[in-house]
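Order-wise, the sequence lines are chains Y and W.
Per our numbering: the first sequence = residues 1 to 133.
Per our numbering: the second sequence = residues 1001 to 1102.
Hints were generated in silico from the structure; no laboratory data involved.
Quick caveat: nothing in here was measured; it's all calculated off a predicted structure.
Incorrect hints may appear among the rest.
Capping the alpha-carbon separation at 16 Å, the derived lysine to aspartate or glutamate pairs in EDC-like fashion look like this [unchecked claim]:
1. W/Lys1051 / Y/Asp120
2. Y/Lys43 / Y/Asp120
3. Y/Lys48 / W/Asp1024
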Amino acid sequence: MACFLVPTGEAIVTTVLTKAFKAKEKAEIEPSNEEISEKVSSKIPFSKKLTWLNNMLWGGSALLAFEHVWHGEVVPWFPFLTAMEDPNEATAMLHEMSTVGVSMAVLVTVVWGIMALASDIIMKGESFKKIKQ
Amino acid sequence: MTLLITVFAACVATIVWYKVAPDDRMGTGFLALMYWGASLMWLCDAIFEYKELGAAFFTPAVDDMINDIFLGFSVIALGLIIWLVRLMVKDPEGKLKQNLSK
Chain Y
1 MACFLVPTGE AIVTTVLTKA FKAKEKAEIE PSNEEISEKV SSKIPFSKKL
51 TWLNNMLWGG SALLAFEHVW HGEVVPWFPF LTAMEDPNEA TAMLHEMSTV
101 GVSMAVLVTV VWGIMALASD IIMKGESFKK IKQ
Chain W
1001 MTLLITVFAA CVATIVWYKV APDDRMGTGF LALMYWGASL MWLCDAIFEY
1051 KELGAAFFTP AVDDMINDIF LGFSVIALGL IIWLVRLMVK DPEGKLKQNL
1101 SK
């Protein structure tokens, strides 16, 4: 019905967070502190990891929104969601958003968390290899 | 069926990304992540549907299956269009600018 709105909401939040983290990381590198720049170069910036999550959330939401248009659940005129025209359907829609929609957002975030963790482990392994050499 | 088609598209995009990595100027990583995001969301949808329908979930009506296949391919096409538009806007190799300034 409108489950894709939950990951879309999360995508808006993570996009804002990515911008904030990018600005913070840029400010940290600027003082040309060798120690910091070394630390940054051996680690994937958090803003880059957040970009992966943004791509998954925005991309997934866009394709799911298209599916909802396909099924006639989203229309190009007000109120845009056909379920909003009937109070009973609106309740069902909110229930679906709180169950399916939230689960979607959680699943994507968990998978992203595993990806970020795995990339950190790989990068750590690479750093150890460089030190050994 | 839509889920299955999107998963296949995500796998193909990931293989292409791996083949060109680390030089991903074409943004195939973005395409792969977009398809994986949609696949995960549809997986969630499928789990809830399975919880509701049980084994009947795996034996859909022919009409529904054809509609789902049609939808699946349309979703792949839309994903590719989004990726192409992003590629043209970013124009990482400057080919579009070169062509336009000719």
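Consistency of the hints with the structure:
1. W/Lys1051 / Y/Asp120: 36 Å, violated
2. Y/Lys43 / Y/Asp120: Holds. Y/Lys43 to Y/Asp120 sits at ~7 Å (cutoff 16 Å).
3. Y/Lys48 / W/Asp1024: 14 Å, holds
Violated hint: 1 only; the structure is consistent with all others.
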